[in-house]
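K.L.:
Top to bottom, those sequences are chains A and B.
End of the first sequence = 306 in the working numbering, gap-free, step of one.
End of the second sequence = 442 in the working numbering, gap-free, step of one.
For the record, the hints were derived by calculation from the structure and aren't laboratory data.
Each residue gets a CB set at the ideal place from its N, CA and C atoms; glycine is no exception.
Heads up, some of the hints might be wrong.
[To be verified] Derived Cβ-Cβ restraints for the label pairs, each shown as a range: (1) B/R427 / A/R166: 40 to 46 Å; (2) B/R31 / A/R166: 29 to 35 Å; (3) A/N95 / B/R38: 14 to 20 Å; (4) B/L56 / A/G155: 38 to 44 Å; (5) B/R427 / A/N95: 19 to 25 Å; (6) B/L13 / A/R259: 58 to 64 Å.
[Unchecked claim] From the structure, some residues in chain A lie toward chain B, with a derived Cβ separation under 7 Å: (7) F93; (8) E228; (9) R238; (10) Y249.
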Amino acid sequence: MSSLSPAVVAAIDDLELSARLVVEGLRTGAHRSPFHGFSTEFRQHRPYMAGDDLKHLDWKLFGRSDRLYSRQFRETTNVSIMLVLDTSASMGFPNDSAQPSKLRYAAIVAAALAHLAIAQGHAVGLMTTAAQSGVMLKARGGRPHLRSLIAQLDGLKAEGSWDGARAMSLGAQLLQRRSLMIVLSDFYDNEEGVQRELRHIAQHGHDVIAMQLLSAEERSLAGRAAIEFEDLETGERRMADVQAISADYAQSVAAFVERTRQSAASAGIDHILLPTDQPPEIILRDYLRQRSLAGGSIGPLGLRRR
Amino acid sequence: MSWGSVGALTGLLLVALPVIIHLLGKDPATRRTFPTLRFITASRLLPTRWSRIHDLLLLAIRCAVLTAAIVALARPYRSQTAVAGDNAARLSRVVVLDTSGVGYRENPSGARAVAQALVGSANTAVLVTTNDPTDELQGAASWLAHEPGLAEIVVVSDFASERYPENLPALVASSIDVRTVRIGRGDNASTSVVAPGFAWRASPLPAALSVDLIASPQDADFRDAVLRAVAQGVAVDRSGGSVRAAVVLSGADVRTQLLQSALAITSPSIVRLAARLTRESFALPLNADVVAPADGPGAQGTERASMAVPASAVPIARARAGAVALWALEDSVTAGPRLLLFSTLPVRSPTVAHIVAAVVQAIAPTESAIGVQVLTDSVLQSWHRAPAAPKSAAVRPAPADAGASLARLLWCAVLMLLGLEWFVRRRSSGVIVGLGGHDAER
Chain A
1 MSSLSPAVVA AIDDLELSAR LVVEGLRTGA HRSPFHGFST EFRQHRPYMA
51 GDDLKHLDWK LFGRSDRLYS RQFRETTNVS IMLVLDTSAS MGFPNDSAQP
101 SKLRYAAIVA AALAHLAIAQ GHAVGLMTTA AQSGVMLKAR GGRPHLRSLI
151 AQLDGLKAEG SWDGARAMSL GAQLLQRRSL MIVLSDFYDN EEGVQRELRH
201 IAQHGHDVIA MQLLSAEERS LAGRAAIEFE DLETGERRMA DVQAISADYA
251 QSVAAFVERT RQSAASAGID HILLPTDQPP EIILRDYLRQ RSLAGGSIGP
301 LGLRRR
Chain B
1 MSWGSVGALT GLLLVALPVI IHLLGKDPAT RRTFPTLRFI TASRLLPTRW
51 SRIHDLLLLA IRCAVLTAAI VALARPYRSQ TAVAGDNAAR LSRVVVLDTS
101 GVGYRENPSG ARAVAQALVG SANTAVLVTT NDPTDELQGA ASWLAHEPGL
151 AEIVVVSDFA SERYPENLPA LVASSIDVRT VRIGRGDNAS TSVVAPGFAW
201 RASPLPAALS VDLIASPQDA DFRDAVLRAV AQGVAVDRSG GSVRAAVVLS
251 GADVRTQLLQ SALAITSPSI VRLAARLTRE SFALPLNADV VAPADGPGAQ
301 GTERASMAVP ASAVPIARAR AGAVALWALE DSVTAGPRLL LFSTLPVRSP
351 TVAHIVAAVV QAIAPTESAI GVQVLTDSVL QSWHRAPAAP KSAAVRPAPA
401 DAGASLARLL WCAVLMLLGL EWFVRRRSSG VIVGLGGHDA ER
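Same shape as in the complex, but just chain B (with noise of 0.2 Å):
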């Protein structure tokens, strides 16, 4: 519902005025004049007479025409494009866990998570445990037809290539989005997904190779940031045995920690992985999420002091405007040599799924690796659909005039209640009632 003018609903505190004198008027009673008193036995008088079932009716009509009158100045509609929007809003899904492939048996509580998370950003959602996805879409596509909104399918599994077709949307109805989430393999540890320490992996890794992202459990934002990485196609995992990266972000409790326990990078492969990172990985769009300090070229060191970033370390990313987005050192309290990332970039950023995507790149290793075979990244994302119009037929658009046509059906019942407090006034022998008066009772 829209308001024409919202500025007139402010005149529904008129609606008390009527109330009030209702409780404390005492207009005094009418007079007749009579041709004889000898019949006419004398009544004892109360103060106030608000308890009378008829006066309380008058006081009720009375404040619901003002009420309609108040809200038909306002002017309510509902246009089509608010229909639109609670439509377009609306978003149904079904999430199919795949329990068949080894991602899920290497971590079914993280598998669940990640499907129960979907369920949960959902405004409408259901979750389907199955052996076959593929032979559970047709159900879940006719379930989808008769929803409201956008609808979508979201197959959480590993995507082991023989196990499902090339063409996996062809088996829906094409108004319908078809996403993937996939799982890896390698986990052991049970969690939820809002906490620290999560490893954000390709699925093609290997279960030695992770990247952590650290952050503030506390931050609800991360937990948005986790959800986008997954959307473009990034496992979450809880990391192993085996460290190589971690991006540190803003806000997290750690942070200072870990930049007191940094040391300038000195591993080899650590060294590689940095050069890597800082050659070809982020052709970042840093301008919109870095906040570069406004006092020009002396930025960088206000940063660095503002953070207690070392000297030694190694910027790896810098906004166009020249302030720095990313540092590197390495870790030398984990078991392994660790790469340790460190942004002044908010959780929520989008930039921040981008990082982490590209440190997976840089330190993923080739596919060929890989003991199991699964359906690449491309193909993953040739999947994905463009967000089909949201179905509007469920509702029925309404007219142009809509607003207008309210308006006046409120008038009409203005009208209409006028009529009825006149007739109910009537009715109380033409005394003005509601406005107090003297009671009488014998």
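Next up, chain A with everything else stripped away, as it sits in the complex (with noise of 0.2 Å):
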């Protein structure tokens, strides 16, 4: 299966559709299934694979058949996810039909996670805090529960500022124990407030998972003509010179994206930049693929050992 564009993906307007696409794009190509549950229950043995992890081997078996069996385990909930989104209005850009808005992209990357932990067992939360509504939604496991995520992430607009450590702070008060928290956020708003409160969660001893969002235009201005920039979402208009400012702009977003990804990285924080003009699948893929292989967590969307 071809990777999907972003441009196919915005032109889904089914959420659950995009994301179970995004979900068999994960899928493609993987040698063993990536999603085990952290506290399982013996389920039946398997023929062992070259990359099986040696601690599931039976060694018992083993010594009695003198051939590899792998263990495997009846997948139980054991691990809540909170996603928190941005919804503010920079999250609405791009908004121009040709691709996907940031927020749309960051819904579609998080019902695609909430998929793919709720068929493998987990519970999975939402929280959104705007300026005017929001939605928290305790985690929870099953499809009913899926299906009313998934209605959320597709009714949220882009609008107004975002209080990330707030929403941050609600998300990690709803669990209860320790558990998984993924961001998905541009990280434009009160970077020091958000950074800080990621640290604090970490520091609580839940796993966090900051997946920052940047589309094609943010990352370099393109052109070169003379262009009066207006905020999203204070409305402070700037003129600038696109072809004089585009050097010092695209460095200073790199070094913002460094210093986040620094930021996290010192906290134990996993940093995930998503490029919104790139299929989420794969980038995805290989988070998850390489979080496995990583060997601190039990699972890719499982909690890292401490």
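From the two separate chains plus the hints, produce the assembled complex.
P.N.:
In structure tokens form, the structure reads like this:
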């Protein structure tokens, strides 16, 4: 199955369908299922395959039969995942129909992750706080909850500003035990406060993944003309010659991304850059595989070992 | 190049429109919503941005689009007749000046002046000075074979019969015209062609006989008249001491003085000459050249008064409408008796050449009186060929639909330029450049 281009994903109105397509893309090429429960009940044996974790090898059976078998376990709901989405007006960029906005892209990624997690028995919650309204869904499992979560994601609108620190704090309060929090944002708002809250949540034992969404237009300014830029959130306007400032702009954005990455890394937080002009399933697949192989976590969506 | 609709070319004024808009227009910069302005630094704005190279490129393309479209609307074409006309109007000439004859030796500068005048009146001309004109004809013909348009060889000589074959044109190709200009003897002065006091003389005339053509030296048409007379086989020489007749044309500065000093014709030789002219010389096609007064029978008196012609003047020639074209008087100033012929004819008129030729014929003695045997005018006239069709091999004839093809090409160019304009405009990030706008400078 070929990867989905962002333009195709943007053209699909059905968020659940988009999420399923992305999930299919994640499964493509996987040698083994990346979704294992944390606390599992033995289910069956299967022949050992190269790359299987040796800790699941049944040595006793090897001693009796002289053949290698891996043990498989029944998955149970053992991880609570809180999806925190930035719904500020800046996430509505780009606002043309040729490519998905950052919010739509984030919603697709969140729906795909929720789909994956709930299919494996995890509990998934959702937290958005906007100026006027917000969505707060406690982490639960099951198909009905997944449909409800996807419906909430589908109805999100990019407007106003976003208090990221408060959203993450509220999301952490909904998690009763050590859990996984995935934050999808461009991290433009209140950079210091958001980074502080991220570190705070990580220090409280939660596993945190910071997914930073940036469009191609944000990473590098195109064109050579004089353009009056208008801030989507504040309405502030500023005249600039794109040709004159494009080099400095690209440098500043790269520095901002690097700063966010280093701040996250210092707190043991995974940082993923999600360019909205690239297929989401490829980025997620690479990241989940890397997370799984890193050995620090029990499964890609499992918690890191402390 | 011809145009199917010349009026459409006035639309070229529209080309100034984008230039004016480009220089004066100040459209606001494009507005673009953006997630955050934290990485965007403000830039200092300039009032215009006309100096941008890409803007100038766009402006040039737009001007080219307008120009090509308007020229296409004017439907340019190059017709076959235009091509043929270009060839027909082009004259290549080789002037062969015979320096071996008595005519040249007696007045070399006059002969050279005649040759130079012939050289100057052709589009492309070569002057060949030679002692053996017949030997040069082959080379001249081969050079003319490669020249487009009409081709002719003009031999300037006294045409002593012993040095020329009877059928000189047989030496050159039939597509080349052969003309002759006879130069006479007995001249000593050196002067340019355009000057008063020149004698028009048929070559067989002895030195004592000549005819003056008196006209204003400032009159440029005089030169044309001289050349026309030369073309008819009348040689131009500076008059010697003995003057027998002069034709005084309108516009001549000396006409009034001559009229005042003129007398009634009394000298026997002049009486005979005037009688001969009146009787047999002037079967002139005067209708086209003589402007007869509109007031009928009284015109004669009116005309005479306007020219201050004395009552003793003898009418020599009249137009068919009755107007007098030529009067005769006797000159009392010159050393010998001279017949003065006054005319109101314009210098440019072909009739002037007829008059001169007639006067020459009237006063010319018989050929037996001439010491040097020369080819007769009739022989020379027989050498003259009808103008051949201009050579057009060097020019590729235009196809019948050349005009439509050219217009189609121009429209294709317009489309390509529009595509280029779109590309350049798109490269400029979609902003309507070339219409001014704000510029920014860091």
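K.L.:
Hint numbers the structure violates, sorted upward?
P.N.:
Number 4 - this is the single hint that the structure violates.
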